[in-house]
Each structure stands twice: as structure tokens, then as C-alpha cells.
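Asks: Note that the protein sequences, when read in sequence, are chains A and B. Note that my numbering has the first sequence beginning at 587, numbered continuously upward. Note that my numbering has the second sequence beginning at 8, numbered continuously upward.
Heads up, some of the hints might be wrong.
[Claimed, not checked] Simulated pairs of lysine to any residue, SDA-like, Cα-Cα distance not exceeding 20 Å:
1. B:Lys402 / A:Ile1022
2. A:Lys1015 / A:Ala783
3. A:Lys770 / B:Lys264
4. B:Lys264 / A:Gln769
5. A:Lys770 / A:Ala816
6. B:Lys104 / B:Gly67
Calculated from the structure, these hints are not laboratory results.
Each chain, letter by letter, is given below.
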Amino acid sequence: MRTLTDRALNLAQVQGASYADIRIVMRRTQEINVKNGVVEGLSDNESQGFGVRVVVDGAWGFASSAILTPAEVDRVTALAVQIAHASALLKVRDLRLGPPVAHVGLYRTPVEIDPWDVSLEQKLDLLLKADEGMRSTPGVVVAGGSLSFWREKKVFANTEGAYLEQEIIESGGGITATAVDRQKGEVQKRSYPNAFARDQRQEGWEAILAMDLPGHAARIGEEAVALLTAAPCPSGETTLILGATQLSLQVHESCGHPIELDRVFGTEASYAGTSFLTPEKYGSFRYGSDIVNMTADATIPGGLGTFGWDDEGVPAQRVPIVRNGIFCGYLTSRETAQQLREIVGDAAPETSGGAMRADGWNRIPIIRMTNVNLEPGEWEFDDLIADTDDGIYMELNKSWSIDDKRLNFQFGTEIAYEIKGGKMGRLLKNATYTGITPRFWASCDAICNQNHWRVWGTPNCGKGQPGQSAHTGHGTAPARFRNVQVGMIK
Amino acid sequence: MLGEQRVKELVEGILARSTADQTEVVVLAGDEYLTRFANSTIHQNVAETNSEVRIRVVLGSRVGVATTNNLDDKALAQTLESALAIARLQPENPNFKSLPGPQPLPRFAAFGQATAGCTPEQRAKGVGAICLMARNKGVVASGALTTAVVELAVANSLGVFGHFATTQAEINTVIMSDTSAGYASDMALDLDDLDFEAIGREAVEKCLRSQKPRALDPGDYTVILEPYAVQDFIQMMAYTGFSAVAMQEGRSFMVGKIGQQIVDPRVSIWDDGTDPRGLPLPFDFEGVPKQRVDLIEKGVARGVVYDSYRAGKENKTSTGHALPAPAAFGPFPLNAFFGPGDATLDEMIAGTERGLYVTRFHYTRPVEPTRVVVTGMTRDGTFLIENGEIAYPVKNLRFTQSYLEALNRVDMIGKDLRLLSGMFLGGTVQPALKLGSFSFTGATEF
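For reference, chain B alone in the conformation it holds in the complex (with noise of 0.2 Å):
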């Protein structure tokens, strides 16, 4: 940890020193460690030190970026001057308006003492649990417990300046015997709040009952998605559609349907960095407070996300949403929870007379981004579920199936909501869902 006053210290010598018209600084560091398990056993541990500066500098319509984890003057200073060359050659950038000015930011705490103050022996002994539970009972275990300390800073020369400091820690496993997986993990802010013993008992069940699977052949089948599954729903939609880029570039799936019906009036997807039932994040990497925006609201599209450049094409202003510049890939919903019902997972098996459950997808890709098609294998626990039950475990398949359509499927929705972790800071909050119809449309061996 810098803390707020050498961080504040070192921005405002930056920002003193730059000759800019405009000049952001945004420092992120941190301290994480990371105790990894395979075969019941750690196999790699391992402690990362780093502080990232981050600065853009704007001359008239021109903005140059550059950045150092060299935090001596000489190297800040050669930082600034190598960010001030690139932006002196190259063209004005009409789309360009400015660095966003000071708003108010929230304020709130979101910092666990225990992830804070983690050692490597008490990340062995969680781990520990998660091993010694799966070698009673006969199957492996892998996976990983991350605990991190990360600083958040962001400043500018219009006179934003926000600091914050956060804490997460997550562990997630997989544990395997010779003809099955079973997958849990978990995350929170405070280490605390990690319960090794249940993440260990859900992936070791899970095993345990999706042993000798059998093939079942591909095709249509209502499904039942825990929440692990559901992630990708809200991940895919959000990569393909839920940003202003994809909207401007005319790709977004959104491109037409403001207003309009595009899924289940039982579903609502929207973005909020300040909920703390997520990883809160008061502001984003352009010091902007984090709005909540309705991306999907009762099955009506609704809006994206902004950061200031793509604001400014429309002039909006920013929704808070901006990624570390110069940001290629434009604003993301890193914050994004999809709304819950009221059914249990119980209820949605003892609902079902012929279908598949699904524990969660591995290395899903978007086939055709306009319909929000993609493509995936289904992993670590499968079922098929015959006259409201669980009747036998299956080998793993391959879908490839339209979100969107999908989403016009809704049978049931989850009451309850799970955490799951996002990128840069973020995560995901969702709940199982259960939908009339999904393609399957390959299988594999296992």
C-alpha cells in the first residue's frame, strides 16, 4: 500500500511538472498473493509488490498515454515527457472533447482487515481443508485462494482527484475423480467471509454425484443454469452490446431496440458500482462516479455504458464507466447484476420433466456478436433431469445458442444471488436461471 498522502503527493508533482493542456494520473497498486493446489497439494505460491502510473496528457485534441511501475522522479518525469511526445505527434483528434472535471465522489468503505493481513500459512490452511476434504474422500483437488490489497487513484488537471483502497479475496476449486469434476468457488471482500468447508462440500458433492457419466445425444433441452453458468449470459451480453463502442460502431445487439422488448419481461440487467452487494468502486479510471444504468430493464433495452471520449461523440457525459486509458476496447459494465426471482434450484428440478443441469460453461466465444450467438462446453458437473429429479450425470456438451433468444425462454428465475468474479476490479452478481429451450449441438468424450 502507498497510502492516500504519498499517492496524492506523488500525482500533484506530476501534475505540477506536466506542460499539458490536460494531464490525468492514475495509479494502481498493490499487493496480491495467490496459493495455488493441484493434486491435493500446493504447487504454486506466489507474492506480487506493484504500483502502475498511468499518464495522458492532452494537447489540443491530441492525447498521448504512457506509463511506469518506476515510481522514482527521474522515471515519473521521463513517464510525462515520453506521454508529451507521443501526443505532439500526432493528428488532432476531432472526437476528443476533454478529461472529465470534478464531481463529487462517494464515499464508503470497502477494505476487509482479515485479506488485508492474510499470511501464506493461513492461505495453506484454507487450502488445506479444501485437500484434506477431497483425500477422505478418495478424489483430487485443485484450484486457487487470492488475497489482494489494491489502490485505486485517479487525478487530473481540471482538479479530480478520488483515492481508494479495496481489498478481495477468492478461492475457487475443482476437484476430480477419474470420471468426474465438481466445481465452487466464492469471493468477498473480507477473508473472512470465505467459508473453505462449504466451497469444499459443494465441489466435492458435485464430484462425487457426476460420477461415469453417460452420452446423451446433442440437441434442444430445457436447462436449469446455476449461477456460475448465468455469469457468461451477463459477460457475453456486455462484451457484444452493452457499451457505447458497439453502439457507435453499429455491432451492439442494442443498435435499434431502445425501448423496445428484447428479452423476458422477468429479466433486468444493470450496472451499479456502488451496490455493495459487488465489489463496489466509487469511481472509474477518469475519476467519474459510478452511475447505475439500466442496461436490460423488464426485458426492455435500455441504455450502455459510457466513458468521457465516446460521451463526448454524443454529447453525453460519462455514465463512470471508463476502462485505464487510452481504453481501445472503449467503456465495459464491470458492475453488472442480473436481476432475481423467487424459485429455488429445488423448485426449478422438481419443475422440469425432461431437461439438463448445468454446473458452468468453459471457453464460451461469441459465433455471431449481432444475435449474441455463442458457442461453449458445458463442465465440472451435468445432469440430465427426468420427471422433476436428478436422474443421471452426463458427458459434457457443446452448445451453440443464441443469448438473446435464449432469454426469450425464461422459465424461472433464482431467488438467490451469487458474487463471481469480473475484470479490472469488478464482479459479477447473479442468480440461477432455468430457460424452456437451449441447442446443444456437439458432445464431447468426458
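Pulled out of the complex, with its shape left as it was, chain A reads as follows (with noise of 0.2 Å):
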């Protein structure tokens, strides 16, 4: 690796590069589907290649290719070389790195058992099982269960002196059960652990025993096959208590990318949108409720949003982003990191944070959540219910929608609950809700704590053109919003 490395970082600063960094990347994917008890789809995927970015003339070049022969090296770094030369024929400024990174190391997901390990009769008995307990409800009339496992190498190497090869596993697996009524036209469906049929996590097959996907399967048909003849949820303003599933979404959608500096820089501007979390509420902005503390945090075990250093060699870090409600950090890349100094000068850190992600070798790495995490509160979760006299319990998502600067949102959740004098009550279906961000998050009371927290996976976070997929990472725990406006459905 090294000789393509050296060969592509020599000749792109022969050719007039100012900086220049290569990443080599080997995916390897196996994704298991399985329906009804029948296996409907069942492959393993490979993608190599690698990607030249330079700075020339001030300004960004990126190519790419799946070739990695020395002479495909060439051809792709001087063509970089060419589309820069072409970026900067409409620069208004210099791009500013800020200081060098030139870190060496090495770093590999710590897994128990590798998933590449365990056989496909295994893998594949799992999900039949759980199949088959989904399906022992009648009523249920598709159960579905996936699992997909991942594995990712990647060596980084930069003209400053950066060398670092990294390796991430990840495993997830899910099941949805639907349920139909065919008379009334209705579909109703229950997922476990997580929405979308699947949690993942920087793991091996041991987060795949861990969820016990057989275990849960036959609660998770009866839920489907309930919910056709639950109450709608009710219209008007309540309390709500969110499970730490929807929680992590609401997390993501909410705080997760309205921090992303290059969105508050209007980079994404045409596609995924800006954010109403501008610079100059950097540091002042009551962005939540003074028991609201969020960090995005590249360090945690397990998370999708681990790693050792980012797509531009930096190191993975803590970083503080709401704390005691107050707005305080973003997520940001060598680039943003400079430019957000200029606004409001020493207020901000000197380097990046480190939140810059490829998705593989043919996309430049953009601004990506890490782990963004809503920390953990005081309340045990059933305190919390016995303290609610009237609301709702709404936990998994079902919906997602949010505008393009991240200020008014609406979700609908799988299941529901009313909450009726400190106790959970009747099953609810189609349970929507809908705010405006700051105005939500300061309306939160209570978060429930360490024991009821956990990181959740987003496997599929999609922003960029082209477009890029993220694994991103949000630990949650269950918490409370007062007057938050419910039952949106007509």
C-alpha cells in the first residue's frame, strides 16, 4: 500500500498540489434476508478503490477508481490535479487547512467473534426461528428478519505525513412482523430492536446474541397483530415520554445535523438543506432545557461513529456540543474549523474535531455526526411513568420529517401508550408528533439515566451529491416533553 500511497502523494506535489491525501478502501458487506421462512436474499459484496483529494491553487480536486494499479494511481491523481486547476477558476479565496495532521497508527474494532467466523447455517437458523416465532401469532401476515454485517479497511496517508490504517466491523440484525387487515385496509408492524428492521453497532456476532432476535419475536407479532384494534392517538397537547430508540432518531435529526458546520456554511445548501443553529449563537444559545447536555463523542465502544481518526487523519474525540441547555460545539472538518475561528475567534477550538466521513473509496469525505448523544439524566424509567399523570409513551419510528433547517419537525412511532395517573395505559396506533427544535428541547424535564441509556445505531444517514449513506451513532435514554403537540393523522 505504501508504494501507492507515496507514488500518488509524490506526484500530485510534483503537478502543483499544495496538500494532497489518498485513502484505499476494502469493503466487504454480507446481507441476509429472510421472509415468511423463506431465504429471499443472501449476498456477499466486495468494493475496493481508492480516492486522491489535492489542494491545488487554492482550491479542491478529488478522483477516483477502482483500478489500483500504479498507473490507474497516475491517471487519477493528475486528473484530481485537472479538476482542482478547474474548482479554482471560480474561487473567490484560498482554502485554509489550519494546522498539519500527521498522525501514524493503527486501529481495529474490538470484537468478541468475528461475524466472518460464524457459519451462514447459523446466521440463517437465527433468523428462521425468529421467523417462525413472529409468524406463530395469527394475524401476522409477513415476518421479516435481516442481518447485515460489515467489514471495512482503509489506509489514510497525506502529504503532511499521515499514516493510518483502521479496520471497522460492524454487526446488525432486526425483525419486523406486519400485520393486515384486509377488510378495513389497514397495516400495522412491529420492529425490534430498533426501527427499519435492524440496530447496528461496531460489534461482532455478540450484538447479534445479544438482541436475541428469537426471543423477542413472538412479543413482537402479538404488538402487530394488537395495534389493528388500538385507539388512534388522540389530537391536542400533552406530555410526551419518549422511548430511547425514537429518542436517538429524534437526536439525529434534531441536533445531529443542524450541527454539522458545512450544512451552516450552506455547502449542503441545495441538497439536505442549512441550519438554523448559526454561528453566532455559537457559545449563547439556549438551545434546550438546562438538564439537556449533548456530546458528540467518536471514542465510544461500540458506536457507529467510532473510529481511531476521521477520513482527514484526525484523532477521534469528545466533543461537547449542548451543555445545561446552552449551545456549545460543532461538528466540524480541518476546513470549517478555520473559517468558524474567523467569526468568532478564540471561542472556537483551533483544529477540527474530527467529523470528517467518506462512505468508501469513490466519495470525498464530508461533515458526519460521530456518536451524538443525548447524556444520560437521574430518573429510573418507572419513576418517571409514576411521576406523569397525563400523557403518552411513544417509542420506534415510523416516521421521519423534518425542514431544511432543522427547526420544525415531525415523527410517528410504531407503538404508543397512554399514560393515565402514573401508569401506563390502553395501546394507542398511528401516534404522531410534531415541534419546533429549540421550543422541544427546552421543554424537556426529565431524562432517565446510566441504566436505562445505550448507544443505538443509524445505519443509513444519507446527505451529500452524490450521495453518501453514514453509520452514525446516538446514545439515548428515555425522556419527558411537556405540551408537545400530538395526533397529527386525519
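Take the two lone chains, each set in its own frame, and fit them into one complex as the hints suggest.
Replies: What follows is the structure, encoded as C-alpha cells:
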């Protein structure tokens, strides 16, 4: 690998690059889908290639190829330089990267059982048992299960002296039961352990065993069928308690995306949008109530946003985002960290917070979430319910939407329960809630403690052009919000 | 570009080596370039060369799939062996009948030389025209220009072989002021067919016109939707109901409704992968020729799209709508058309006493799929219409609305069709729409 990385970096400099980096990435994935007792999809996928990123005449260029030969490295590097020259035709000023990044090292996801050492029979057996368990409830029309495994080996080198080798391993899985009332034309579904049929972690096969998919299958099937005859979620303003998985998506959408500094500076404006968390709010804006503390932490074991170094070679860090309700941090790159300092001065860190991540060899790194977490509070879950006289508990996402500055959101959940007199009451279906981000977080008056906190995986976060799918993590525990508008479906 | 001869040698080598009962090889190769701009300057400028080989093998009724983008003989042999190992280790699938057999494939050209030969400097010039226009008007431009050459080949051991090379060029832009935004996009097979000045003008004018928007109470409004917003109707209906999987699992809004009137009789939606007004593709990812499928004809539910696996479950034949194997998502109408009417946008506005003019939707998601209830936001140019004229810009609103019910309140359909990019080499073609009532359930602050 050294031969190829040196070749690219030397050639880029010879051709006029003031900075260059190269990533060589080899990704292997395995996807298994089972539906109603039948293996509907089983695939093993490999992708390899390299991408060269250069700064020439103060502007970016990037080119990539799947062909790992010296001649192709030469062609692609020259193309990246040519592209950077074209970028410079419209530049207003030279880009600045700040202090050099020259780390050298190795990182590998710690796993107990390598998922590729587990036989296919074992994986299928687990899914088929869960599938059978869901279909044990009459009324379940579709029982589905999936497993997903991911291994990415990558080498990063730059002209500042960095040379980093990393191997990231992930294991994901889940089940979904769908119940249908054909006469009423109604469909309800329940998933476990997370929405859209899977949770995913930077762990090995042990993560799948810990889910105990067969052990939860019958309950999931029963709940899907029960939802068909449940009462609809009422409309109005009420107290809302969100379960941990729903809260993980709430954090993802209403905190994780608006703190991406590239969005703030407008470079995602034409696609994902911008952000309401503009630089003048940095360090002073009340994002939430006093008990709301959020961090972006790329060092948490098991989180999908965990790594040794980001794709600019910046070390993994724990960055405060919201402290006692006050907005105090962004997800940054080397370039945007410098831009922020030009606006807010020494209040901003001198260097990148390490949030540049690329979806493979053929994509340029952009600012992505690491593990963006709501830090745990002090409540036991049972005490929180007992302390709530009138409200609704909602859990596990079914639909999600938020405006392009990340203010107005509306979420739907798979399941909900009425809370009356401090106790969980009747089952509710088609639950939805809506709000404006800072008002919603300002209404948070209770967060459950460490006993109820864990990091959930979001393996499908879309952003960028060409599109990139990131794997992000979100640590959450159930929390309570006052005066929330619920029941948006007519 | 690998070229037809190189692809043919590659797939024949794999088919000859395979010991499976049936084998399929899909090659998807291409060169894609994207120049992305923001704050009226280029901030990302990228190129990619890739070739993916997807091998599907069948042992009895057991199916295994493996992919690689390493085209050397050893890697291809390993990928074939992976697919075989996957197939061997799983139980028989009684629903699987067979890979599709050979059928005559339509032959047509859909290749733009200007797209294929586009240089980084030409892309910079194209986006530069939009950036300059924005700078001159005191607003900022963002967006992306893509030029791509794509090559799709499908072959199987039953005799299927299809090879097709195509191009795509797409420009989209969001122009922003301190208080407003405007959007425009266009796409074509050939770069020379894109008019950067016109796209820039459309978005700049929309941005300037939507400055200092006023807050508007949510509620039910007559709406005029530009084709950008109408595309979401097609995509959401395709996602929730136009696929054989959704029908077979009982979750499609079409279940039990085939032959019945489900929307206004002026509404017709069909899929046609060979219509040159779209982004034509002669065959699907199984090598089955694309058939025109009437999904909704004059308001009546007519049918859904099939791949060979889902067709086999009903003893039907595929309509040529397979996605790449194993295609857990099922078949999909990638080339959908919403039939035109006879109205212009000006006529729609002139005939509106009070209503909303919507440029496009943002972040839409199905809330209740069986009624196609969708929530989402307006974006990049929303206006109140009063007494037949655009009165003033309004802050963006959230809607929560059944698209099916909305299509039962059609007032006018636009006569001009617009091609917009979709998924997996596909694109949708749609007009503007005027709907009698649309439910806005919330508002945001800008």
C-alpha cells in the first residue's frame, strides 16, 4: 500500500498540489433477508478502490477509481489535479486547512466473535427461528428478519506525513412483523430492536446474540396484531415520554444534522439544506432546558460513529455540543474549523473536531455525525412514568420529517401507550408528534439515568451529492417533554 | 467505459466457469463526474471510475448473490465461488421458479456525446454561468452539475444477453438571499440540451420574488404544485403501492381496488422504460425487456410492476421492472409518467381565488402507507395566491395529507411535462397540478 500512497502523494505535489491525501478502501458486506420462512436475499459484496484529494491553487479536486494499479494511480492523481484547477476558476479565496495532521497508527474495532467466522447456517437458523416466532401469532401476514455485516479496511496517507490503517467491523440485525386487516385496509407493523428492521453496532457476532431476536419474536408479532384494533392516537397538546430508540432519531435529526458546520456554512444548501444553528448562536443560544447535555463522541465502544481517526486523519474526540441547555459545539472539518475561528475567534477550537467521514473510496469526506448523544439524566424509568399524571409514551420510529433548517419536525412511532395517573394505559396506534426544535428541547424536564442509556445505531444517514450513506451512533435514555402537539393524522 | 466486447468476454467467462444450475451476471460500469457549488463558488469537484459485477447463481431453488468491483480473473472466480457457497448453505425457496429466459430486446440509442466528452473546465463554465448570475443579483448560488456515462449489461445461462450504454447530465440549483430561496433543475441525456442560463434565471427569479416571506396559518388550501412537487406523488405511490411486493403482502393502496376508480378520472400514471421523453432503458436488471405498465388509467387502478421472482409467485411473467439482485425491496417503476392535461401555470393561478403556490417539497415521508398519507415541508419558493394573482411569499409550511385523497380533488393538470431524475438510472416525467384542497398542519420560522 505504501508504494501506491507514496506514488499518488509525490505525483500530486510534482503537479502542483499544496496538499494531497489518498485513501485506499476495501469494504466487504454480507446481507441476509428472510421473509415468511424463506431466504429472500443473501449476498456477499466486495468493493475496493482509492480516492485522491488535492488542493491546487487554493481549491479542491478529487478523483477515484476501482483499479488499484500504479498506472491508474497516476491517471487518477493527474485527474484530481486537473479538476482542482477547474475548481479554482470560480474561487473567491484560497481554502485553509489549519495546523498539519501527521498521525501514524493502527486501529481495529474490538470484537469478541468475528462475524465472518460464524457459519451461514447459524445465521439463517437464528433468523428462521425468529421468523417462525413472529408467525406464531395469527394475523401476522409478513414476518421478516435481516442480518447485516460490514468490514472496512482503509489506509489514509497525506502529504503532511500521516499514515493510518484502520479496520472497522459492524454487525446489525432485526425483525419486523406486519399485520394486515384487509377488510379495513389497515396495516400495522412492529420491529425489534430498532426501527426499519435493524440495530447495528461496531461489534462482532456477540451483538447479534445479545439482541436475542428469537426471544422477542412472539411479542413483536402479538403487538403488531394488537395495533390493528388499538385506539388511534388522540390529537392535542400533552406530556410526551419518548423511548430511547425514538429519542435516538430525534437527536439525530434535530441536533446531529444542524450542528454539521458544512450545513451551517451553506455547502449542503442545494440538497440536505442549511441549519438554524448559525455561528452567532455559538456559546450563547439556549438550545434546550438546563438538564439537556449533548456530546459528539467518536470514542464510545460499540457506537457506529466510533473510529481511531476520521477521513482527514484527525483523531477521534469527545466534543461538547450542548452544555446545561446552551449550544456550545459543532461537528467540524479542518477547513470549517478555520472558517469558524474567523467568525468567533478563540472561542472556537483551533483544530478540527474530527468529523470528516467518507462513504467508501469513491466519495470525498464530508462532515458527518460521529456518536451524537443525549447524556443520561437522573431518573429511573418506572419513577418517570409514576411521576406523569397524564400523557403518552411513544417508541420506535415509523416516519420522520424535518425542515431544511432543522426546526419544524414531525415524527411517527410504531407503538404508543396512554399514561394516566402515573401508569401505562391503553395501546395507541398511528402516533405522531410535532414541534420546533429549540422549543421542544426546552420543554424537556426529565431524562432517565445511565441504567437506561445505550448507544443505538443509525446505519443509513443520507447526505451529500453524489449521495453518501453514513453510519452514525446515538446514545439516549427515555426522556419527558411537556406541552407537545400530538396526533397529526386526520 | 468497458465496451460491449469486453463486457461480453467477461460475462461469458463467468457463465462458462459456473457449475450452478442457472447463473446470471450483471455488469454496471461507469464514469461519473460531479461539480458541486455553494456560496457561488465550487467547493466539491469529484470523479469516479467503477465497474461492479453482480453474480446470481441458482442451485435447485436456492439462490446466492455476490458482487465485486475487482475485474481480475482471480477475484471474479472468488466472487462466483462466494455466490455458490451462499446458495449451497441455504434451504430451498419454494417461491423461486427460474431466472428469466431470453426475449427480443429493443435496440435504441440514448447516448449524448457532449455528456461523455465533458471536461472539468466545461462543468466549471456551466456552473459558473449560474454563480455569476447570482453574484450580479446579490444572492448566492449552490447546486451540482453531474455528467455520467453508464454501462449496463445482463447475461444469464439461459441465453439472455443485453448491453446498453447511456449518459445522463443533470443540473440543480438553490439560489438564496437572507430571507428566501429559489430552486430549479433540469436533466437530459446530452449536456448540450441543458440551458444553464435558463435554470439560473428560473431559480434567481424565484429567490428574489420570495424575499421577506410572511407567516401564514396552517389549514386546508387550494394548491398549485410545480412538477418538482408533483414528482413526490409518483414516488410515494410507487414506494407504497405500485410494486407486486406491496400487493402480495397486502400493504398496497391498490389491494382489492384493481379495476376500481381510486382517483380523479383525469389522472393517468404509467411506467414506460422505452419512452424517449424519459430516461430510456431497454431492459431491467434481469435482462427482461421493459414493458409499459398502466398503473392508474383515467383514475382506475390497473396494475403493478413485477420482476421474475414476484411474477413467479403468481404464475405471471415479469414486466421488466427488476432491481439488482437480491432485490429485497422488490420491483419498482423507475420510469413513471404522470399524464399531462391542458392547463398552463398562469391559467392555474388566474383561476385561483385563494390558494398556495408550491415550488417543491422537502423531506417527505409516508405516515400511513395504505392511504398514502404523507408528511413533508414546502421549500424554495412558497406563495399565497389571492384573486388570481400571486399576492406575496409565505414562510414554509408542513403538510400531512393523503395523496390519494388529494388526487380525488384535481382541479387542473399542466400541459407541459418535466423530466426529473429518479433511482437506478430512472427518471420520472410529470406536469404541474392544481388541487382543490391540501392539508397544511404546521409552519416553520422561515
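Asks: Could you run down the list of hints and mark each one as holding or not?
Replies: Okay, the hints, checked on the actual structure:
no.	hint	result
1	B:Lys402 / A:Ile1022	holds, 14 Å
2	A:Lys1015 / A:Ala783	holds, 19 Å
3	A:Lys770 / B:Lys264	holds, 13 Å
4	B:Lys264 / A:Gln769	holds, 12 Å
5	A:Lys770 / A:Ala816	holds, 13 Å
6	B:Lys104 / B:Gly67	holds, 9 Å
Going through the hint list in order, the structure satisfies each hint without exception.
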